Amino acid sequence: MLRSIIVENGVCFKEKYGRTGGEDKEFFKQLIGHGYSFFWCHEANVYEVVYEGRWKLSHYLYRNLMNGGVTGESIGNHSTSYFIRSLVSLICYTALLGVSVFSGTHNMYRYVIRVGYDFGRVMGCLGIVFIKERLD
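Under the numbering used here, the first residue of the sequence shown carries the number 113, and numbering increases by one thereafter.
Bear in mind the hints are in silico, worked out from the structure with no lab data behind them. Quick caveat: nothing in here was measured; it's all calculated off a predicted structure. Glycine is no exception: its CB is placed at the ideal position from the N, C-alpha and C atoms. Hints are supplied without guarantee of correctness; some may be wrong.
As the list claims (entries may be wrong) - Label-pair restraints from in silico Cβ distances:
hint, residue 1, residue 2, range
1, Trp-152, Ile-187, 19 to 27 angstroms
2, Phe-125, Val-161, 15 to 23 angstroms
3, Val-200, Tyr-159, 35 to 43 angstroms
Produce the entire structure from the sequences given, and follow the hints as far as they go.
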């Protein structure tokens with residue numbers, strides 16, 4: 113990406129998101145709004161250091177709760193059907209969570225994370241988003 117594209121369009125990362133996430137999604141959303149396109153490249157080699165704090169279920173639950181909230185807020189405020197689908201999904205995954213207890217910890221964790229995401233979506237549709245903003 114050329115720096116001139118960013119400068120000319122006044123696009124930047126929003127510091128209010130800090131390290132909680134969401135700034136990259138907002139950044140690309142702004143550029144798409146200016147008419148730019150992005151493409152997935154499956155062949156690209158990408159490496160990322162995963163810090164120890166991200167090895168825990170609590171990290172993924174919190175992250176999905178926030179992501180669901182942001183998604184629910186951006187889409188759900190304009191769509192009753194999206195709110196209903198999110199609510200139905202939350203109910204279904206909550207029921208599956210109860211059953212997953214008997215199918216292994218890895219399955220249970222998968223459903224815990226999905227319930228967190230769907231709960232965030234439902235709350236986001238209602239205008240409640242769990243984002244810790246950076247204050248400095």
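Status of each hint after checking the structure:
Under the hint 19 to 27 angstroms, the C-beta atoms of Trp-152 and Ile-187, about 21 angstroms apart, fit the expected range. Taking 15 to 23 angstroms as the suggested C-beta distance range, the pair Phe-125 and Val-161 conforms, at roughly 20 angstroms. Against the hinted window of 35 to 43 angstroms, the Cβ-Cβ separation of Val-200 and Tyr-159 comes to about 38 angstroms, which satisfies the hint.
The structure is consistent with each of the numbered hints, conforming to all of them.
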